[in-house]
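Asks: Spelled out, the chains give:
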Amino acid sequence: MADTASNDAFVEFERVQKSYDGETLVVKDLNLTMPKGEFLTMLGPSGSGKTTCLMMLAGFETATHGDIRLGGESINGIPPHKRGIGMVFQNYALFPHMTIAENLAFPLEVRKLGKAEREEKVKRALDMVEMGDFGGRRPAQLSGGQQQRIALARALVFEPELVLMDEPLGALDKQLREKMQFEITHLAHRLGITTVYVTHDQTEALTMSDRVAVFDDGRIQQLAPPDKLYESPENSFVAQFIGENNTLEGVIKEIKGNTCVVELDDGEIIDAVPVNVSNVGDRTRVSIRPERVEYNADRLDPEAHTLKAEVLEFIYMGDIFRTRLRVAGNDEFIIKTRNAPDQVRLKPGEHIKIGWLPEDCRALDA
Amino acid sequence: MSDTTQEPMLAADGRPLKQSLARALRRQKLRALMLIAPLLIFVMVTFIIPILSMLFRSVENEIVSNTLPHTVVALQEWDSSTGEAPDENVFRHLYFDLFKASEAKEHTKLGTRLNYERTGLSSVFRTTGRRLDDMGSDFQDPLEDINENFKEGAFWYEMLSGEGGEELLESRRALWARLTGESMAGDIGFTPSPQMADMLPWATRAYTDFAIWTVIDDQDVVAEEDPWEAVYAGLAQDLQSEQTQTEIAAYDGPGAQALKDAVANLDQLPEVNFKAAFIDAKEDWGTTDLWSTMQVFSSNYTTGYFLNAVDLELTPEGVQAKPENQQIYMQLFMRTLWMALVITGACILLGYPVAWLLANLPMRTANTLMILVLLPFWTSLLVRTSAWKVLLQQQGVINDILVWLGFVGDANRLILMNNATGTIIAMTHILLPFMILPLYSVMKTIPPSYLRAAKSLGATNWTAFWRVYFPQSVPGIGAGSILVFILAIGYYITPEIVGGTSGIFISNRIAYHISSSLNWGLAAALGTILLVVVLVLYWAYDKIVGIDNVKLGG
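Protein chains in written order, with our numbering: chain V, 152 to 517; chain B, 197 to 750.
No wet-lab data here; the hints were simulated from the structure. Hints are supplied without guarantee of correctness; some may be wrong.
Unchecked claim - Incomplete in silico selection of chain B near chain V, CB under 10 Å: (1) Pro643; (2) Tyr646; (3) Leu647; (4) Arg648; (5) Ser652; (6) Leu653; (7) Gly654; (8) Thr656; (9) Ala660; (10) Arg663; (11) Pro667; (12) Val670.
By construction, the Cβ of each residue, glycine as well, lies at the ideal position given by its N, Cα and C atoms.
Please build the complete structure, drawing on both the sequences and the hints.
Replies: Written as structure tokens, this is what we have:
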């Protein structure tokens, strides 16, 4: 049983718990399996336990309870330097007293590779990140983006099967970050490396990953591919945390199959998809993505429930318009519309009706 | 871009930009200067100027020419290689110079000074000083027998005073000022007569000296005081000259009769031979050794102290090594350097792990540990050193424990004190915080992620430490080492208390010369050498390691 499981499960966390002080659990009952070659992102707010999980995998923290397996073998008792896991640190941790080439040669040197082989591999790794001419420089002479590439090259130069990245792009500016996101995913997929990536930036998680594990309160709240995570959040934390989200609160009136009727707190009635509500009379938070809200009556299903809304603010953002509304007592209801030629620009004070497809409206836990 | 390099940038008002900037910054600089001015003045007055003046003493040697101004000049023509003592002329000047000096009690100081260069000279000057009066009395008594007027102070005053001798008076006054270090200013109610100064040069000079001293120092009236014996000696000397005898024959001013009597009865005076008198007082005056020492050290500036400080001496034949049994300073310098190095090394070995712990423990534990590190700072240095005395002595705590544990026999208790071991142990303890603090502040800035990165790249704990952590902590070691080494090299109290004779430093010797032997010149020379050694080491460190690599913090 265990053998068959480990064939497609390269990294496994089984019932892993971690406590620092013996009183509170930072990681509560973590279960996770990752196939070889996958790019998995651990996403969550700070203190959610994602970095602790990464450190346990790297061997810098020991699990209080549970088993971590790599390629089918438990690595709980193996010291970090024998795990053969490449790691990219938040501030790159390039050794300041060594040149770039020496930094890259370091893992090869401690593995006692010959000089010729070392040089060959260092050169290949530098070329891989397009930094071939920088071998003789010191880390301090490089820009943040260049240091980032070197850190990546150093984590990959000894050809590990698993690479861990701890918020590696946190220190870069937006443009560079987007470029590096792209490069890292490409490289990981091209080399077929299994990657565990930790970030608190949800855009990064969505754009880079095969799967995203959303952490909160020491647990994985949802583990799913980016599109599913965004479109079908399984609970209100995920809905709130991933992307922008409008929330309306109410009580379940009726459940029939995959739709339910929710009575909002101000008495209005809407349709929604029940996700993790089970009983009539339960309180619920209804979640609607801003770009799925429609106010053009022509495009709405005539039978759809509509809500009255008052425009509070109109923000022109170039590619999109962002409008803030008051809906069912909620002043922070946002809608986003594409800047298309026929698009109406709403004015503050206008009263409109808004609606959406029932399947875009998810009734989640309160 | 190339335009700016050819023409200076101009500000909006057309002035060169650099000038405008300098003007704008001037106020700021002035304010900054005013803020530090109190401290700057304080440091200048209480620290830098005293140190400079102290260092100046290492070459200053004016005491010889101040005390024996005429002798030093006369002595220049003497050639020590003849193997004979100088001629009568030098001794004559010596007598009058020394007489003055002994009246002012300055001749023993000169003896002490010359004694540094040649043992025994101190007693020569002291003994001779006591005989100077007798040498003059030999002439005073016969002269008073010849004419009773010579007994009277008023007679001398009337005979030698006159008008127009201000120049002579002031030049004598200046010599007094150099001798005593005081201004000697004031009206003395006496001006030497130029005529008498021509006729009786030695007597007039001696009388003028006497007059200045009597009024300024003793606060007496010149005419009421009997002159010094030196004045009689001067008169006797003058009477030897045929020119003087001729002039006296033609002279009819005050005291003419007495002088004529003296000339007529010259045969009643003893022979004027200062050289014989001096040799009679102390036979060393007849040797060339004494005179050559005096000749060598007669200049106002000397390298003698510095040569002494490196176990060399200045002799008429040039610079020579001192006799081996008198060579102590080079050995002491070497020992000081060596022990400071050992102490620095011990501080690195003991301090590094502590600093590492401090930098890596959780905040609260680290703070407690830090208090323990700083605790010694809050205790008096003297108390700590005395505590080591209690611990280290042969019947002390450490030996008791070792004996109790059976590591050493009761009969062969370890000698941990009054030797180099004691100094090294106590000073390592005292200077340890100076190593730990810079190390700690550097280690604090090394993120733990470097060690983790090294380990994740496959390095063992040791490799990660040695290849990654240690090189980054080197600036801390450098800063700590400079601090500890420089403090150690000039340490005084601890070696003094626990060092015995084999554990003392050069600073203890300097203190000895400052407070006990009073050879300040040598102390200053030793201090200057110590300062230069430290500066040279600092410079070498800067060249080899680079002072930019030293971090005392952040």
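Asks: Going back to the hint list, which numbers does this structure go against?
Replies: Violated: none.
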